[in-house]
Structures are given as structure tokens and as C-alpha cells.
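Given chain P, put chain R in place with the hints provided.
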Amino acid sequence: MKREIPLLISFIAGTLIVISLFVPHPPFNKMEETLNSWYIIVSGFTFILGIDSLLLYNWDKIRRKSKDWPFALTVILSFVVTLVWGIVSGVRTGHIFSTNSTFRNYFYLYIYVPLQATMFAILSFFIASAAYRAFRARSLNATLLLITASIIMLGRVPLGNAVLIPVLWIAVLLIAWVVLLEIKATTSASTRVGYILMLILMVVIAVPLTKFLYGNLSAATDWIMDIPQMAAKRGIMLGLALGGIAVSLRIILGIERSYMS
Amino acid sequence: MGILHWLFSWETLAAFLTLAIFSFLYKENPVYRLAEYLFVGLSAGYGFAMTYFLAMKPNLMDPFIIPIMQRMHLLGGELLPINWWYIIPTIFALLYLSVITPKYSYLIRLPFAFLLGLGSGMAIPRAFQASILEQMWDTILHSPNWQGYADLSKQYEWSLTVVFISAIIIFVSVLAVLAYFFFSKEHKGAYGKFARFGIIVLMIGFGASFGSTVMARYSLLIGRLMFLLKWLHIVSY
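So the protein lines, in turn, are chains P and R.
Using this note's numbering, read the first sequence as starting at 2 and increasing by one per residue.
Using this note's numbering, read the second sequence as starting at 75 and increasing by one per residue.
Source of the hints: derived by calculation from the structure; they are not laboratory data.
Idealized CB from N, CA, C, for every residue including glycine.
You may find that some hints are simply not true.
Stated by the list, open to error - Pairs of lysine-lysine, DSS-like flavour, derived with a Cα cap of 30 Å:
#1 R:K228 - P:K212
#2 R:K228 - R:K101
#3 R:K262 - P:K185
#4 P:K68 - R:K101
#5 P:K234 - R:K304
#6 R:K262 - P:K234
#7 P:K62 - R:K177
#8 P:K3 - R:K177
#9 P:K234 - R:K131
#10 R:K101 - P:K66
Stated by the list, open to error - Partial pick of chain R residues on the chain P-facing surface, computed with a CB cut under 7 Å:
#11 Y111
#12 A129
#13 F166
#14 A167
#15 P199
#16 Q209
#17 G279
#18 R291
Stated by the list, open to error - Computed far set for chain P versus chain R, every beta-carbon distance over 10 Å:
#19 P115
#20 I166
#21 P167
#22 L202
So here's chain P without its partners, still in its complex pose (with noise of 0.2 Å):
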């Protein structure tokens, strides 16, 4: 029965949803929200295991006096302050985020804000240093990768039509070493002729778009985003929820079982 109730349960809460999404009439119309409503609440929950966990590990050096103690003092004490300071706030203004609550008008945006948008500022400087090992022309697949980035860092700066001349000719003449070093180590001649037709192909066209690059370069990002950027992550898009939908159909029939391991 441990593990024969909670299947039950799952198929019971999965099938509804399914059922009040499709049909429209009473009780079915306004299950929907009901069940929402008792999805927020249940997962909502899932904070308290996960405080829980925290504070008793930070907890736990403190007590054993480990090494940097002092920080999960920090821990635990930053937290009750922020929850303490977030709810008599929220009480008395009427909500968190209310113009005159000074959760928001001191800890959000004199602590928070600070301390969360300087910790994704730093990743600008190991991004750069991923994007070296990253977009070194070895091949084919990362010099697409290093021009397509480029255009896109270009066209989002005022700058970037200005540079954008020099950058495209390193660009082109990247892909030209890059092409000449596949046609030296590929063995298949029609590969070879493939790759040749390629480069003076690109020798051909390099001209001309660096010319309506140049003044079009925001056009063209756009356009970058919304036709190549799209058609990849619509690709992507397409197989994440064909897998979700398997997997949703795995819990609710009872097949996947390990939640409960």
C-alpha cells in the first residue's frame, strides 16, 4: 500500500487536470482553477523542505564550530532578518511590494538588487574567458558559432557599425583557414570539391554583405534572431515537449516510479 496509494493518487490528480482542461461543464469548468490553486499551495510547501535543509546544515557548523562558522552564522541570520523584515512589511503595507513598504524601497533595492545584479555582472568576465576556449576556430561548427555571436554582440552596441568592416573581413578570413584546414584533412574528393565551392562561394558573397551589412546591422540581427536563432530553438522547443509529454504520461499511467525510491 505505500507504493499502490501514491500511484493512485498521481493518476487521480493527473487524469482531472486533463479532464476539467477539456471539458468545459460543471464541476469540470471550475476544477481547473481549483486545482491550481491547490498546486500552488502544495508546492509551495516544497520551500519548507528546502529551508529546512538549509538552516540545519548551516546549523550544524555552527555548532561543531567548523571552519567558517562566522559565514553560516551569516546564513541563518540574513534569512530570519529578510523573512522577518519581507512579512512585517507585507503585513502592514498590504503587500511586499507596495510603494511605501521598506522591504522594497531599502532591502530590495539597496541589498538585494546589489548583490544579485553585481553576481551576474562577474559572469560577464568567465563568460568572456568560456567564449575564448569556446569559440576558437578549430571548426567548421565553432567558427559558425564565434561569427554568429559576433554579429549579434555588434549589432547590440552603438559601436558595432563602426568595427563592423574589420571584424567581418577577420571573420571571413577565419572561416577561409578553417575551410582550407578541412580540405587538407578530409580524404573524400567530393567533400574537397564541396568545401572549395563553399570557399569561393564565400570569397564571392563577402563583398556584398559586408555592404549591406554595414548601415543594415541591427536589421540583420534581428533578423538572425528571429529566423536562424528561432528555427533552432523551435527545433529544440519541439523535442523538450514531445519528451514531456512521454514523461507526464509515464507519471500519471504509474510507469515512472522513481519519486518514490
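Chain R only, in chain P's frame:
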């Protein structure tokens, strides 16, 4: 007085926290670690407070807990009606606490089963509608939507030819990406070449997403640097 006011202001606290995080760029140090641990605690507290006000208060406290407390004379005000159906999610939610006692810890499976069942049930029609049907509809080259191409042409200020060629590129590219992820057929011959084109599309897509992410991070960095310059009264904006 002016300097003291500046030194003990909220802006100075924000600047100290910003510099504390930036100090990691030199090397790991106690000031950075203090800011890091502070961020963890604050985020947990902030998340908890937000969960209470955005999820628990409107969905559990207002329709169920507060009316019960009113009837127990623990809270005043106009009597609110009790929605007894909410006892079901409350029991499920309280079963999370069974993890405290090893003997009854298996009961935690019940709220997880409820949550996963509901989540799966919600995911099926939504994923089908938003991620499959909508995406397929926007990918297919369909004649009833010629007007749609004209609208796009106006919206992007592209010519109708560019819009139509773009639609063909999207159609072929999505098929190629799907071909790349379809492993039930061996990637050989013409199919293999088509799948190889899928990788090229994916690389262009990843490059564009990466470039966009990099610029978003740099925008945040510029924002923090501008804040520091403003704090030092070097710039005003």
C-alpha cells in the same frame, strides 16, 4: 555632516556589497565570502517571504486559514466564508513534515505523488498547445496566412520576398534540427547530410543565444559600474 551622511547611507551599503562581490575578480577573500553567504541567506528569506505573499496568502490563508482563525476568535474583522475543500491540499502539504519522523517518512510520497500527478496533467495539454501546435503552425508554410507574411513584412520593415525566403529557411531549418535529434534512423547518406545541416542551424542558434546572453551580462556590468560612479558623484544620471 555631508560626508557622514554619505558614508552611512543606503547607497554606501549597496556600493560596499557591489565592491565585495567584485573583489572576487582579484581572488577569493573573506569579504567576498561574507557577501556570498549573505546573498544565500537573503535569497532564501526573500523567496520564503515572496512565496507567502504571492502563493500562500491568496491561495491558503485568505480562503481557509484566516476564516478558521476568525471563528476561533484569534483574528477580528468581518467573518469570511470557509472553503472546506482547501483541507485537502493542506493535509497533503502538512504531510511534507512527515520527513521529520523516520517511521512515517514514507508519507512524503503522497504530496510528491499529488504534485507530480497534477503537474504532469497540467503539462500535457499546455505543452501540446504552446510548444507543439503553436510552433508547428508558425513553421508551416500555409497559404491562408499570406496576409500574415504581409503583416510581418510591415512589422520588420523587410520586403515581402525577404519574409517569404525567411519562412522557407525556418521551415527547412526546423526540419533539419528535428532530423538531427531523431536517432531512430541512422545519420547516413542524404539524411545524414540533412542532419548535418541541422547541426549548422543549431550552432548559429547557440551563437546568437550566447551573444545575446553576453550582452545582457555586460549590460548588468555597465549598470553596476555606473552605480558606483554615481555613488562617488563622478556621474549623475
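We went through each hint and held it up to the structure:
Simply put, R:K228 and P:K212 have alpha-carbon atoms about 24 Å apart, close enough for the 30 Å limit, and the pair holds. Of the pairs offered as hints, the one joining R:K228 and R:K101 is violated, with about 52 Å between alpha carbons and a cut-off of 30 Å exceeded. Between R:K262 and P:K185, the direct Cα distance comes to roughly 23 Å. Compliance with the 30 Å bound is thereby established for this hinted pair. Only pairs whose Cα atoms come within 30 Å are accepted, and P:K68 paired with R:K101 is accepted, the gap being roughly 19 Å.
A C-alpha spacing of about 39 Å is found between P:K234 and R:K304, which places the hinted pair above 30 Å, so the restraint is violated. Taking the CA atoms of R:K262 and P:K234, the gap is near 24 Å; set against the 30 Å cutoff, the hint holds. With a C-alpha separation of about 27 Å, the suggested pairing of P:K62 with R:K177 holds against the 30 Å cut-off. At roughly 13 Å between alpha-carbon atoms, P:K3 and R:K177 fall within 30 Å of each other, so this suggested pair holds.
Distance restraint check for P:K234 and R:K131: the Cα-Cα separation of roughly 37 Å exceeds the 30 Å cut-off, and the hinted pair is therefore not satisfied. Using a Cα cut-off of 30 Å, the hinted pair R:K101 and P:K66 holds, with the two alpha carbons roughly 25 Å apart. The beta carbon of R:Y111 comes within 4 Å of a beta carbon in chain P, closer than 7 Å, and the hint placing it at the interface holds. With a least beta-carbon distance of about 4 Å to chain P, the hint placing R:A129 at the interface is held under the 7 Å criterion.
Of the supplied interface hints, the one on R:F166 holds, with its beta-carbon coming within about 5 Å of a beta-carbon of chain P, less than 7 Å. The criterion of a C-beta within 7 Å of any C-beta in chain P is met by R:A167, whose closest approach is roughly 4 Å, and the hint holds. Hint status for R:P199 relative to chain P: holds, with the closest Cβ pair at about 5 Å, below 7 Å. With a cut of 7 Å, the hint placing R:Q209 at the interface with chain P holds, because the nearest CB-to-CB distance is about 5 Å.
A hinted interface residue such as R:G279 counts as satisfied when its beta carbon comes closer than 7 Å to some beta carbon of chain P; here the least separation is about 2 Å, so the hint holds. Hint on R:R291 holds. Least Cβ distance to chain P is approximately 4 Å, under the 7 Å limit. Against the 10 Å criterion, P:P115 falls within the reach of chain R, whose nearest CB is about 4 Å from its own CB. At the 10 Å boundary, the C-beta of P:I166 stays outside the reach of chain R, the nearest C-beta of that chain being 19 Å off.
Distance to chain R confirms P:P167 as a non-interface residue, since its nearest Cβ pair spans about 18 Å, more than 10 Å. Residue placement check: P:L202 keeps its beta carbon more than 10 Å from all beta carbons of chain R (closest about 15 Å).
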